[in-house]
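Top to bottom, those sequences are chains A and B.
Heads up, the first sequence is in the UniProt record's numbering, so the first residue is 1 and it goes up one at a time.
Heads up, the second sequence is in the UniProt record's numbering, so the first residue is 1 and it goes up one at a time.
Keep in mind that the hints were calculated from the coordinates and are not lab data.
Each hint should be verified, as a subset may be incorrect.
A pair counts as met if it fits within one copy or between any two copies, since identical chains are not told apart.
[As the list claims (entries may be wrong)] Derived DSSO-like pairs (lysine-lysine); straight-line CA-CA distance at most 30 Å:
| hint | residue 1 | residue 2 |
| --- | --- | --- |
| 1 | K171 | K39 |
| 2 | K2 | K171 |
| 3 | K244 | K314 |
| 4 | K314 | K198 |
| 5 | K171 | K198 |
| 6 | K244 | K171 |
| 7 | K2 | K314 |
| 8 | K39 | K314 |
| 9 | K198 | K244 |
| 10 | K244 | K179 |
| 11 | K179 | K314 |
| 12 | K198 | K39 |
| 13 | K244 | K39 |
| 14 | K198 | K2 |
| 15 | K2 | K39 |
| 16 | K198 | K179 |
| 17 | K2 | K179 |
| 18 | K171 | K314 |
Small disclaimer: the values here were computed from a predicted structure and weren't measured.
Protein chains: 2
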Amino acid sequence: MKKFINRVDHFLAESLAGFAAAHADLVELNLEPVFVRRKTATPGKVALISGGGSGHEPLHSGFVGYGMLDAACPGQVFTSPTPDQMMAAAQAVDSGAGVLFIVKNYSGDLMNFEMAAEMCEAPNATVLVNDDVAVENSSYTTGRRGVAGTMIVEKLVGSMAESGANLEQCKAFGDHVVKRVASMGVAFSSGTVPAAGKPTFTIGEDEIEIGVGIHGEPGRRRARIAPADAIADELLTAIVDDLKPAADAALLVLVNGLGGTPLSELYLLFNSAHAWLRQRGFTIRRVQVGSLTTSLDMAGASLTLCSLDAEMMKRWDSAVQTPTLRWGR
Amino acid sequence: MKKFINRVDHFLAESLAGFAAAHADLVELNLEPVFVRRKTATPGKVALISGGGSGHEPLHSGFVGYGMLDAACPGQVFTSPTPDQMMAAAQAVDSGAGVLFIVKNYSGDLMNFEMAAEMCEAPNATVLVNDDVAVENSSYTTGRRGVAGTMIVEKLVGSMAESGANLEQCKAFGDHVVKRVASMGVAFSSGTVPAAGKPTFTIGEDEIEIGVGIHGEPGRRRARIAPADAIADELLTAIVDDLKPAADAALLVLVNGLGGTPLSELYLLFNSAHAWLRQRGFTIRRVQVGSLTTSLDMAGASLTLCSLDAEMMKRWDSAVQTPTLRWGR
Chain A
1 MKKFINRVDH FLAESLAGFA AAHADLVELN LEPVFVRRKT ATPGKVALIS GGGSGHEPLH
61 SGFVGYGMLD AACPGQVFTS PTPDQMMAAA QAVDSGAGVL FIVKNYSGDL MNFEMAAEMC
121 EAPNATVLVN DDVAVENSSY TTGRRGVAGT MIVEKLVGSM AESGANLEQC KAFGDHVVKR
181 VASMGVAFSS GTVPAAGKPT FTIGEDEIEI GVGIHGEPGR RRARIAPADA IADELLTAIV
241 DDLKPAADAA LLVLVNGLGG TPLSELYLLF NSAHAWLRQR GFTIRRVQVG SLTTSLDMAG
301 ASLTLCSLDA EMMKRWDSAV QTPTLRWGR
Chain B
1 MKKFINRVDH FLAESLAGFA AAHADLVELN LEPVFVRRKT ATPGKVALIS GGGSGHEPLH
61 SGFVGYGMLD AACPGQVFTS PTPDQMMAAA QAVDSGAGVL FIVKNYSGDL MNFEMAAEMC
121 EAPNATVLVN DDVAVENSSY TTGRRGVAGT MIVEKLVGSM AESGANLEQC KAFGDHVVKR
181 VASMGVAFSS GTVPAAGKPT FTIGEDEIEI GVGIHGEPGR RRARIAPADA IADELLTAIV
241 DDLKPAADAA LLVLVNGLGG TPLSELYLLF NSAHAWLRQR GFTIRRVQVG SLTTSLDMAG
301 ASLTLCSLDA EMMKRWDSAV QTPTLRWGR
């Protein structure tokens, strides 16, 4: 295992410490229990909290800040955060308008966020994200997995909360957005969990895993390496079959790197996706390309489509000021 | 070779087309000859042009926009752009105040930019970046290589040009900045040039290349994999020995991923660098962490220190609006 690491059991703490030191203008790191919170709160707004296993950076900590999350609770690598992290985060960032938890659909995350929600004294609600169309149930999941589309939910609901919407409105909007987001990924290589010290799965020199999960969970099929156009075709066919966007839908396209794939290839994959969608008469209105929901050092990428209505477009464009996304302010 | 690619000889064109389509609000792609230019020019300012072999994305195209470059000329992968690209870019973006070429010190780049400068009808000057302290001469270089520090030069000089400084002032400021930037990198794996189809160099399962170049050029030594703290120590010792920042220097620290290394590890490496610098009494005033000057899919990272004076700090903080860097506007 070759990683920038000192000790396996210090990986998360040291990575988070570096993150917090690098972005001390925007975020603060709380220890015991661990969570990342905004440096500057917006008084009186609904507090948005997300979290999940680490190894997917910049998700979720990189999206803490103005216009997105109020706090993020990182678990150990590929391990759910604990209810005490979520409760402490809620207590720290609730300013009286209640707390909205944004949860990716994994059994452990869901159970722990549910426990936190029950014990949380503030009024609260949960938005469950399950955008991965690859498989119906999976290794750690009943129902579909939550993957890269989660950052779109966080951005859109974050904007709505920032504008003063109440808890009920934020929850309803979040549920609305979730229904309009669909994703699917492909792996060229497996990531390596530091504590395991070896790749999560083995894959041949000329093989790819189509529909892979962000923890290396199996997808739909193991295939021979194929041209980018063919990969985009398989992913987008599955996504469009599921999402069924209207012919005149305003699409947000997210090309997400899984950690080990450089930007030059992600742009090439976007070029393939762009051609595929245009050939079928779809209109791309917004684009995001980058490694935003990773699986440690996995090589590969996912595609996400989000069908934007006017409100969602406005929320996507609104100002955001986080370590990872910054625009319009 | 597993990459998002359709045909080896279409890699650059398709990646650039995807880039330009994704960022059509900020940039335009010119074909025959190929260059990327700002969508919206600032009239009457000195035009900044950079370029170099592709494979280092987002350098340079990702830094075209308000407050940074006016145009970027991408060559084929690891191959210098040609003088006709540079001349066409200069003609397109010169608005009467002259052209400043920002060139990484590689023999091919230097020769072609010199030819373009000679033939260019507009008044022009060149800033040569040679921030890599690892080796004095190298495979493609007489003198030190230009690496990740280049984006700092582009940001700072870009801000000065945007504020209305003339060509002489921009050139002098660029030369001043170059003297205050030093970098060194380490590779865990080799990138794979699409046309070659196999890694540029071989490296053992437990080996790293300390001082590697951004084309996979040899560095100072081949070593056993070491803890992040030890790697940071070796890189920073070399950088500080060369840069000799004053004890009260205001440092900008850039942790740059080489393409195949995820953000979580870059933050951990920053944590190591942060501790190292603080232990020696240095003050970190600005931080940038990300994969900004890559070597295709190489796993590894580089560290860059820049010793900021008051003018440079102001120029770093000023507004920038490019596909890759955005703040303050």
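Outcome of the hint check:
no. : hint        : in the structure
1   : K171 - K39  : within (24 Å within a copy, 39 Å between copies)
2   : K2 - K171   : neither (42 Å within a copy, 41 Å between copies)
3   : K244 - K314 : within (22 Å within a copy, 49 Å between copies)
4   : K314 - K198 : neither (44 Å within a copy, 45 Å between copies)
5   : K171 - K198 : neither (40 Å within a copy, 50 Å between copies)
6   : K244 - K171 : within (23 Å within a copy, 55 Å between copies)
7   : K2 - K314   : neither (43 Å within a copy, 38 Å between copies)
8   : K39 - K314  : both (25 Å within a copy, 23 Å between copies)
9   : K198 - K244 : neither (39 Å within a copy, 40 Å between copies)
10  : K244 - K179 : within (11 Å within a copy, 56 Å between copies)
11  : K179 - K314 : within (18 Å within a copy, 45 Å between copies)
12  : K198 - K39  : neither (37 Å within a copy, 46 Å between copies)
13  : K244 - K39  : neither (40 Å within a copy, 34 Å between copies)
14  : K198 - K2   : both (10 Å within a copy, 20 Å between copies)
15  : K2 - K39    : neither (34 Å within a copy, 41 Å between copies)
16  : K198 - K179 : neither (36 Å within a copy, 42 Å between copies)
17  : K2 - K179   : neither (39 Å within a copy, 33 Å between copies)
18  : K171 - K314 : within (18 Å within a copy, 42 Å between copies)
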